[in-house]
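Student: Those protein sequences? They're chains L and S, same order as listed.
Read in the working numbering, the first sequence has 309 at position 309, and its numbers run on one by one without any break.
Read in the working numbering, the second sequence has 1184 at position 184, and its numbers run on one by one without any break.
In short, the hints are calculated from the structure, not lab data.
Do not rely on the hints blindly, as some may be mistaken.
Unchecked claim - Per the computed footprint, the stretches of chain S lying under chain L, defined by three or more beta-carbons under 8 Å from a beta-carbon of chain L, are: (1) 1012-1018; (2) 1060-1072.
Unchecked claim - Here are some of the chain L residues that sit facing chain S, going by a computed Cβ distance under 7 Å: (3) ALA283; (4) TYR284; (5) ALA571; (6) VAL573; (7) GLU576; (8) LEU622; (9) ASN635; (10) ALA694.
Beta carbons are placed, not taken as given, at the ideal position from N, Cα and C, and that holds for glycine.
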Amino acid sequence: MASKDEIHEGKKKRLLKGEIPPGLTEPKKHKLDLLNKPDVQIPGSEEEEALQSNPLADLQSFQASCDFLKSAIKEIKELKKKNTDSSAEITSIRTDATIHFIHMKKLNRLAHFRCRKVRDITNEAKYKIDQCHLQLQNLLYEAMHLEKEITKCMEFKSKDEEIELVPLEEFYKSAPDSVSKPDVTRKDVHQQMLSRLEWELEQRKQLAIKLSETKSEKEKIAQEIQSKQDYLDTLQPKLAAILQATRPVQDYLDMPYDSIMEEHQKAQHLPVPLYVLYMQTSAYKEACDKSLKVSIVGDVDAAKSLITFTFEPDEESDSDQEEQEKADSKRRKKSTEVRNLETKNRILKKHPLSVVLDITSKDGADLQLTFCYLLALNIITVSVKVTQDPSITTTSISGGDLLSPDLILDEIYPNDHGNDSPNVANHYELKKHGLQELTSYIPVIGHPYLWCQWMGGLQFLNRDLDKEDSAGRTDRDEENNLAVSRIAAVRAKHSISAANMQKTISLLRERMKARICLLQMLLSLERGIIPLSADSMKMFPAKINAQLTSWKRSTFSDIQVLPHAERFIKAGVIRESDLIFTAVMERGSARMTAYVVLTADCPRVPPLFVVDIMWQALRTALTDIHIMEMEEEVNLHFKELLRGKSHDHLLANQLQRLLMCFDVYLETDTPASSLVPVEIPKEKMMPRICRGPARSKPYKYVPELGIFTHRC
Amino acid sequence: MLPKDSREALQYMLHTIVFDTSFSPCGRYLAAANKFGDVALFSLTAALAPDVRDEAKYPVFTFNVYKNGGVYSLTSTDTLLICAGEGDIQAYKWSDIISKNARVAWSLAIPKKGVFSHPEVNSCVVYEDNDSLTGHTDYIHSVALKDEGKGLISAAEDGTARIWDLRAKEAVHVVKPFEHEMCTRPHMGKWLQCLAMDEENYWLLLGGGPTLAAWHLKTLTPAVTFDTPGVAQNVTMFYEDKIFSAGSSNVLNHWSITGEHKMGVPVSPVSVYSIGINSASKSNKVMVVAGSCEKLDVCTNFGYRAFSLTFLPPLA
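Make a model of the complete structure from these sequences and hints.
Tutor: Right, dumping it as structure tokens:
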């Protein structure tokens, strides 16, 4: 310390000296002073000195030395200028300056030392920091690891947690104190758990024993049941024998309980929709219409085996059948065609049982409907057989197909042609298996009419609601029923079947009757006679000059090309499915051709007439408004031609009226001028020939007065 | 009563004849009458709207005037629609019809003469006196007032047109086109169906069995004929400097007064019974052509058919 103070003092001295310009006064003293500095003499300890000395002080002393040097140089210069002999003085100054210079050098060295030292210290500190950082990282990692371990431990689940234990209170209640040890366990949760587990084990052991006991008891009872069942089974043939024995008695007494029972037993094996159909038809038969005949035909055994599997539309279905087929086809290689055929057969497979409904009408004709159920498509199809009373000849040329199985049931309900499936899902089903539309398989499977589905209690979403609503004949109530059931899923329902049964049966009967009636009418028309009933004879004048000369079958394409039929086709009242006939009527040189359009539901839907007249020129509704009015007479005012509610004679009456109107047309067509020769004279009584702006003709006949008037 | 696409409704539409049309005094509605005694009201404003929907082409309201027989003539006054045809003349208030509540405002019975005479009304004009004029030997198709009600012209089935003096109550002149060589068409017939006069009462148009011709009223000679071979003209009218006529073919003829056939516009009905031009409303100024079909053709520009209105039976 003392030395330090000394250094300080020395420094101060130096500083003082520095401040005072190194005058010429005491240069020696200064030099001495410098030489006296203790540290100067000890070289080698300069490094220490560098550490100990204050850098700022060093800087000041350096500057002082600099100043001294500067002043020394100036002094020397001045002395030299004076040219006085001052070499001694100069020498002393030079010595001083040299000492100062050396001092400066030393200071420089010291600065270098100090710099190096500082650098070392910095490096050392840096190294230390790095060490600390590394340590910190390690510690953090360790902490994290420990935390993980802790959470693992926390999450550890003991096996006993999975075991359902009796609730705590119950445990204390039921377990004996030896197990529960309430004094210990109440406080120690772990002990409590252990004892609870112990109790649980004990109890479970007991229950297991009980279970095995019960099982053996059950087996015993089952054996007993089996033995009783065996006994009952032996009774069956005995009972059958007894029944067999009573059969002659039943037959004798005309009580066919047995056959009914057999039928009912068969019914057990029907698919649900056919069962509904069978049941509802039988019920209807019992209640309302004894002349119906309902029966079940088909292979009951096949049906029995069929019941064992539930049908799925996928490949693995049809176990029985497929196995059979496999056996058949294993030997030959399955070509794609064969496979296609198989898929087709599988999709279109009918249930082995079918329901046969015989509708017999009074005039001896018999309509036999065979209802089949397509398993995969979930629809009912019907095939028809018509048998007629052989005593009535109804072989008409123009209407030969009226009783054909394909056409007779067309449009029992409006727009129901039975050509495509009512179950829209079928479309996709068939497509999936690469089959054509159902329409192309109709000859094989029969027609899936809508009413067949209804009879079987199946209700599918309707394709177009509007048409359904426009069906004039559908009852309001029933429509509501349908609307409600539309929402419901497609499952056979008795309510649907029951709602439609009566109407469908009566429609079928009506259709049958209408067709036979129509057939007879056509037969007569082909011979040129309009078959009027005595009742309707009164509606017409006794003498009609025009005559029906020909009655032929025609086709839709024939009528399609007629310009005057276009508006009817456009309006949709003539459709491709309609039956079209051509009637030719003649009087003198005038010839009228009437295209008669019958819908499948004729004569409920009245026949429609499209007329043209060839007389001097071709006249149609497009060129002559009177022909349009003639068409109106038969097409629109047909209601006047109905006798009572019966539509049966409508066609004949319409034809007769057309014939009469033709007469009126010809007789009133005479031009006013007498220059033109008159071919057809006016014979009928007509108070007025023309009326109204259209100059309408008096087409209306008043039978009471025997005159023709206008419709007004 | 009938759904729109039921068979009955379709048959009704296929066999209808629209005999006359009349515009409401406001020019926004059109009434059309048909042979089944029904009158249908169409909204012209709706049908002519730029964003027209299909419903606008159907009647807003249809009501029955005569149970058995047609309405042949519709005449519109400031407040009334007068319907005439097979029965008593019946007047309805336009305001009632537009509010869809048609009530008979008054009716006028036609006196009967004899057992078999059920007279019908084919044409109507409104006139303030109470007279009857006799002279025609067959029924009358069309009447028109002339000289501001001092005179009347009638065209009849008997082939004559009579020009009446209403003060003297007698026929001053009888015109017989079927006897005039310029017009006669013996193979067609002699009846006169349509008549029309220009505003100055200078020209008289007469047509029917004989060729449509413009008769000079002062000299009573046909000056110009408008020949339509084989086609009887049922309606004719003067409009500005043109003459429109149509009849038993699906063509609406435009003529100049000099007899030049300017245009033949194809229309829907094969027999036209009514041509109407709505002059009451500028925005709804259209021509309506109606006849033997359920469609009433509307021409905004008279040279072609813009669209058709459809006469529906009274629906439920």
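Student: Decide, hint by hint, whether the structure agrees.
Tutor: Verification of the supplied hints:
1. For the segment 1012-1018 of chain S, the stated coverage by chain L holds: 5 residues have a C-beta nearer than 8 Å to a C-beta of that chain, and at least 3 were required.
2. Only residues whose beta carbon comes within less than 8 Å of a beta carbon in chain L count, and the segment 1060-1072 of chain S has 4; three or more means the coverage holds.
3. Because the closest C-beta pair between L:ALA283 and chain S is about 34 Å apart, greater than 7 Å, the hint is violated.
4. At about 30 Å, the closest approach between the beta carbon of L:TYR284 and any beta carbon in chain S exceeds 7 Å, and the interface hint on this residue is violated.
5. Annotation: interface hint on L:ALA571 holds; nearest CB of chain S at approximately 5 Å, less than 7 Å.
6. Hint status for L:VAL573: holds, given a least beta-carbon distance of 5 Å to chain S, under 7 Å.
7. The closest approach between the C-beta of L:GLU576 and any C-beta of chain S is roughly 16 Å, which is over the 7 Å cut-off, so the hint fails.
8. Because the smallest distance between the Cβ of L:LEU622 and any Cβ of chain S comes to about 5 Å, under 7 Å, the interface hint for this residue holds.
9. Because the closest C-beta pair between L:ASN635 and chain S is about 6 Å apart, less than 7 Å, the hint holds.
10. At its closest, the beta carbon of L:ALA694 sits 6 Å from a beta carbon of chain S; the interface hint therefore holds under the 7 Å criterion.
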